[in-house]
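Work out the full structure: start from the sequences and follow the hints.
In the working numbering, the protein residues as written are -14 to 106.
FYI, nobody ran anything at the bench for these hints, they're computed from the structure. Heads up, the beta-carbon is just placed ideally off N, CA and C, and yes, glycines get one too. Possibly wrong hints are sitting among the right ones.
Unchecked claim - Cβ-Cβ distance ranges computed for the label pairs, FRET-style: (1) Leu8 with Ala66: 36 to 42 Å; (2) Phe19 with Ala66: 28 to 34 Å; (3) Ala7 with Ala74: 33 to 39 Å; (4) Glu5 with His103: 21 to 27 Å; (5) Thr79 with Phe3: 28 to 34 Å.
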Amino acid sequence: MIDHLGVAVSDLGRSRAFYEQALAPLGYAPLMVFDEAIGFGVAPKPDFWLSAGEPGMPSLHVAFGARTRGDVDAFHAAALAAGGRDNGAPGLRTHYHPDYYGAFVLDPDGHNIEAVCHAPA
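What follows is the structure, given as structure tokens:
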């Protein structure tokens, strides 16, 4: 299952205004706002992220939902063994929420691929 998706945009403010208006009829709103990223979704969880940057760089961010933290660890190890490049070792990312446990790899084309578990330890 895909947990969330992120895209880079050239003007974060302009894109925020566009997506706030365009996605409002679907119940989407900004739920998490950082200096360089905005997470949209239907409360309580954002699943569509905008980040400041050059469009297409990084090309894409896709996060796959994992059942357990062990599955996140296994994903990271398997992706590195398959030729992926580390982009964030398995661990907690408490700036998202206290139980956010994720790992990141870059695929052969540089796409940022993540596995994330939201369950407590």
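Verification of the supplied hints:
1. Leu8 with Ala66: 36 to 42 Å: 38 Å, holds
2. Phe19 with Ala66: 28 to 34 Å: Because 32 Å falls inside the window, the suggested range holds.
3. Ala7 with Ala74: 33 to 39 Å: 36 Å, holds
4. Glu5 with His103: 21 to 27 Å: 25 Å, holds
5. Thr79 with Phe3: 28 to 34 Å: 30 Å, holds
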